[in-house]
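Novice: The numbering used here numbers the first residue of the sequence shown as 1 and each following residue consecutively.
It cannot be assumed that every hint is accurate.
Claimed, not checked - Listed below are the simulated DSSO-like cross-link pairs for lysine-lysine, each with C-alpha atoms no more than 27 Å apart in a straight line:
| no. | residue 1 | residue 2 |
| --- | --- | --- |
| 1 | K68 | K134 |
| 2 | K150 | K134 |
| 3 | K68 | K150 |
| 4 | K157 | K68 |
What the hints contain is simulated information worked out from the structure, not anything from laboratory work.
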Amino acid sequence: MNLIPWRRRRHDSEARKRSELAAPLHEFRSELDRLFEDFFRDPWSVTEPSAMSRLTATPAIDLSENDKTITIRAEVPGMDPDDIDVNVSGNILTITGENREEKESHEENYYHVERRHGSFRRSIELPESADLDKIEAEQRNGVLTIHVAKQPTATSKQISVKGAKGEKAEVAAGPH
């Protein structure tokens, strides 16, 4: 602690700069600590996407489908739709975006930070039944919803096999 007032300000600003530079490393270490804690509590929880997505800004997604549509929902809280891109190449749908952190004050001391900031990329392989020309995306209330129409599928039909008129089907007799 500095008792000399004119040195205290310089020391405080230097400490603040060091703190700002070390924040990403501290955050990374906190996430690794949390990952290890989760592992020792439940070893299989580490492989869950939600556990891994905590280390990055990657949004959690839900996939569902019915007869006509494949629906993808991604959590993108606080993101502007202009900062989100949805692209399709081949049968791979890719969601990219950047969640920017708005800094208003350097005077605040954070004790716990869970919100993620940064760019992300999430790719999903679409099935052959996806109609790549009929994809719609909208963002509402922090959730990006993508609807992919399915192509009509060929219906199968049972065809009965008839014998020629007057012919009887013979069954070969084998050893009994």
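Novice: Are the hints correct? Go through all of them and say.
Specialist: Checked hints:
no. : hint        : in the structure
1   : K68 / K134  : holds, 11 Å
2   : K150 / K134 : holds, 8 Å
3   : K68 / K150  : holds, 5 Å
4   : K157 / K68  : holds, 20 Å
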